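Sequence lines, in order, name chains A and B.
For the first sequence, the numbering used here begins at 6 and goes up steadily by one.
For the second sequence, the numbering used here begins at 6 and goes up steadily by one.
In case anyone wonders, no lab produced these hints; they're calculated from the structure.
Everything numeric in this text was worked out from a predicted model, so none of it was measured.
Errors might be hidden in some of the hints.
No copy labels: a pair is met if it fits in one copy or bridges any two.
Taking lysine to any residue and the SDA-like style, the derived pairs with C-alpha atoms no more than 20 Å apart in a straight line are [claimed, not checked]:
| hint | residue 1 | residue 2 |
| --- | --- | --- |
| 1 | K556 | G478 |
| 2 | K41 | L28 |
| 3 | K507 | G560 |
| 4 | K143 | Q480 |
| 5 | K117 | R316 |
| 6 | K117 | P162 |
| 7 | K117 | G107 |
Number of protein chains: 2
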Amino acid sequence: MSHDLTSSSPAVLRMSTLFVRTLREDPVDAEVASHKLLVRAGYIRRAAPGIYTWLPLGLRVLAKVEAVVREEMQAAGAQEVHFPALLPREPYEATGRWTEYGPGLFRLKDRKEADYLLAPTHEEMFTLLVKDLYSSYKDLPLTLFQIQTKYRDEARPRAGLIRGREFIMKDAYSFDVDDAGLDASYAAQRAAYQRIFERLGLEYVIVAATSGAMGGSRSEEFLTPTPIGEDTFVRSAGGYAANVEAVVTPVPDAVPYDDAPPAHVEDTPDTPTIESLVAVANERFPRPDRAWTAADTLKNVVLAATHPDGRREVLVVGLPGDREVDLKRLGASLEPAEVEPAGDGDFAAHPELVKGYIGPGALGPQGAQVTVGAGPDASTVSAVRYLLDPRVVEGTRWITGANQPGRHVFDLVAGRDFAADGTIEAAEVRAGDEAPDGSGPLELARGIEIGHIFQLGRKYAQALGLTVLDQNGKQVVVTMGSYGVGVTRVMASLAEANHDEKGLAWPAHVAPAHVHVVATGKSQDVFDAADTIASGLAARGIEVLYDDRPKVSPGVKFADAELIGVPVVVVVGRGLADGVVDVRGRAGDDAEQVPVADVVERVAERVAALL
Amino acid sequence: MSHDLTSSSPAVLRMSTLFVRTLREDPVDAEVASHKLLVRAGYIRRAAPGIYTWLPLGLRVLAKVEAVVREEMQAAGAQEVHFPALLPREPYEATGRWTEYGPGLFRLKDRKEADYLLAPTHEEMFTLLVKDLYSSYKDLPLTLFQIQTKYRDEARPRAGLIRGREFIMKDAYSFDVDDAGLDASYAAQRAAYQRIFERLGLEYVIVAATSGAMGGSRSEEFLTPTPIGEDTFVRSAGGYAANVEAVVTPVPDAVPYDDAPPAHVEDTPDTPTIESLVAVANERFPRPDRAWTAADTLKNVVLAATHPDGRREVLVVGLPGDREVDLKRLGASLEPAEVEPAGDGDFAAHPELVKGYIGPGALGPQGAQVTVGAGPDASTVSAVRYLLDPRVVEGTRWITGANQPGRHVFDLVAGRDFAADGTIEAAEVRAGDEAPDGSGPLELARGIEIGHIFQLGRKYAQALGLTVLDQNGKQVVVTMGSYGVGVTRVMASLAEANHDEKGLAWPAHVAPAHVHVVATGKSQDVFDAADTIASGLAARGIEVLYDDRPKVSPGVKFADAELIGVPVVVVVGRGLADGVVDVRGRAGDDAEQVPVADVVERVAERVAALL
């Protein structure tokens, strides 16, 4: 979707008739500045949770953002198409995503009880369309895009436009006959994304990312750094950058354990925390070479994964006691399942898991039988899935639970005394951790995901039968890329990056107008002069928001101008008696008094300098 | 939604890379020319019943149609906003439309089981938005519009874009403090619609219409006349024009019946049709003054109405035997109920309705008791609702069923011998019928509804509490208008009105390009010359579709050019040896040979003359 409204809209927007009302109070549900200010300044209104209505000012900014995205897509050789939002189930069934998307997908039935969905993204449809039209390697490469309304039933819509349930996305899809082609198409989109964000003046970082429900091999995210971002990413001085979900833990070398003492179970009363356990260990069972630390304890965290088919699985993640489980990293590792800490019901269903004293002896590999209880009451059950942090390599020695209340096992050696179902990236990443590529210690920061590019490879083409004849007359499966920009989210990110305590402060090329002319006072001379200036600017092709409201005080008008955030402000008022008007930047910068006769020329210069 | 793609898209669209494939065969589900040709020429593709994907050529035409609509809305002072398509139930519940829309509304639930809908139209949301922002008569008048994707779960999506389930509409809403204001806003939109269709070169008729589920008092439709139209409309030489659903039957004067003979029941075996009944009547029971005709028989048609709450009601419509029931007119009269001929089950449930011999004695007014059967087995039931054609006025004499097999009643006088629950507009309108305003006999024609404007009045404002303070400080309910243009349907109508057996033939201002340059043959000179012409035209701001495909035969290229329908065709080929190229109109009109050196200038002149 796009809104070509600036080209044909009236060059002067008069506040007296413009459909806008500014608010002095923040909306009650707003947490972040962009959300508060876009609502207060009359750009958007909430229609339902995560669903917004666009008012005239908002639509103008959106149109400008869309125009930049469209131009760069076209410059990159992508062709625009437009798919429906309401789609039949079958293609999404064929790729498994009808189920994998879980509750995040809006599903509905038509009057004939046929299943439909509101598309969260369109890989399937693009694949089928290209299959429908094309059949030869000569038709490729091809990149298509659309700017379109998307739907995701977010569990927690938040931050206004940043995480909505109905939103506008630019999604592009590339089709190539081989991997080298995909690399080239991916590189072209990546470069287009860089140009888009550079033109929009939106700071960005490109980070390695996980592919999630989208599937495929390589993927990168474009994040705009901001403390209110939902994504955490890491960077090293040596150039490594990744979304925290995509950080791969460097695996230490295995440790020789021929000389390791045998494991021994000890009574460890009063050790409710890892700290207290470490203290007891150092006091009663000191290690000869060095003191025990939290990193020597193996913490086993019980979690529950809900699979797309609704099945709930209890599983355990083992990790060094000095690290927490990062649920987002764990969730990314277990996608499409959704994961949460285990609840009382999960523990009740697994009596072998002795809360606070869980050790490998009660856990996987799956299929193993483990003992519940002791003595004559003991019974056996199948082990739950047990996944280990990659740091728990063969030969490492651990203090961990003995599966009996008040008891821990010491010198339990990985690979000698216990095994698991595999490793998992679930532990938090910390500032100072070594980058996976050895390029130095990591720094952590937060950002908003504004773009995401994927090398999908052949997943969708394979599932939906998109093949072409290659040069040798052989059917080959097409390889695809998928490239998304969150258009509404980009607009919110621009608001987030360009505001102060008084309101928005748009960059000129996305502002709803270039100049805000404010007429103050009651004199007809003021309004006449302001009219002339406004239309003089409009005649120069400059977009003018003109506050011509007759009975509104200068204070209210100034506050509105600061809230709305048009970059250049022209105040026609008291100075007019001396033949001058005030010209200043939105932030009060570069204020100057300009003779009335020169003001159009001077303002045009200032606007030109900003564009 | 809009697609500002022409302004920034590449000026030369090369067929060698353009995402398009023309088809020689009509799609199997296509019945009308616009549907067949838009699919075959590669403008749209079906994604699901009544749901289409837009390919690059289609999107370009759509963008141009949208631009005209937008410009005229802005010129009429309407301000653009944009509402979500996914909306919560509550506002539609408040106005009753959640239920009234019946199965035509796409309904769904979110992950929290809250009810949502895909909006078929946005009266409720606009009303609430204005209520949210405005509070004084000084804020009015106000007209807002959007160009947005709408959803209707049509029972029978058909004719491609003409009756789709996901489609693009321009909907506008006016807000006024009093009826005079509404009249002015309505007139402004009406005039804007005239300009839109005039600029698009789309023939239109403005006809009186029914308001349907929308409610409100006055409404008019813009129809484009075409034999494939779903709507039937009437016109008189004296200027009356109405959708056939809106035609009000002129009511004859009551007839004196003091001298009418008493009603008498007669055996009328072997009268299965009205024709045979009339013949028997004239033979056995001749009328002294003139012969009986079919118009003297009272035909009672049994129908079943399904109400929005799911209740099925059997009802009977009585009308002169020379007229059929028009289910669309009946449906409009009974909205929001959906109506169909009664089925066997309905007759089984109403044994008092003796098929073929139904008469008023077994029918309403509702609440009356009527007898079923005869003799000792007779019983009584409550009468079904009985509605009469307005021509059945007091004193008219009828032959009709006697509610016994093989028997009819004669000289049954309306008002003396029977009564009903009221009148209904359900009888077919016929060519030659008198116009309701006495302006002469009616002609019938078919058309596609391309616009519909409504004076809603206070229905929505009342239901949702939209009031403003008037000049006297009194709260008054705002009065509203609602104005829709079916944007995708307008595009289909343009295709319908501009095609021949070879393909589409777009007017220049909505064509996907102005000029189609076709390079024929294998000589590099031809392609070099065509390249130069294409870029020369593009440099003049002319949009060029350039068939640069190297290995495609001239015949295929010409057929594609005729199918795609760009208005000016330039053929670079054989003539090049003599220094000329062929220039012609899409229909082969005004063919000329132009020296290569002059061709850009000459084509620019031809394009300018078309725009």
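Tested hints:
Taking the closest pair of Cα atoms, K556 and G478 come within 20 Å of each other only across two copies (18 Å); inside a single copy the shortest separation is 77 Å, beyond that limit. In this assembly of identical chains, the alpha carbons of K41 and L28 lie at most 20 Å apart only when taken from the same copy (10 Å versus 52 Å across copies). Taking the shortest Cα distances, K507 and G560 sit within 20 Å of each other inside one copy (13 Å), while across copies they are farther apart (66 Å). Taking the shortest alpha-carbon separations for K143 and Q480, only the intra-copy value of 13 Å comes in at or below 20 Å, while the best inter-copy value is 69 Å.
For the identical chains of this complex, K117 and R316 are inter-copy neighbours only, at 19 Å across copies versus 29 Å inside a copy, given an alpha-carbon limit of 20 Å. Proximity of K117 to P162 under the C-alpha cut-off of 20 Å is restricted to the inter-copy arrangement: shortest distance 12 Å between copies versus 31 Å within a copy. Taking CA atoms no more than 20 Å apart as the test, K117 paired with G107 passes between copies only; the shortest distance there is 13 Å, against 23 Å inside one copy.
Checked against the numbered hints given earlier, the structure satisfies every one of them.
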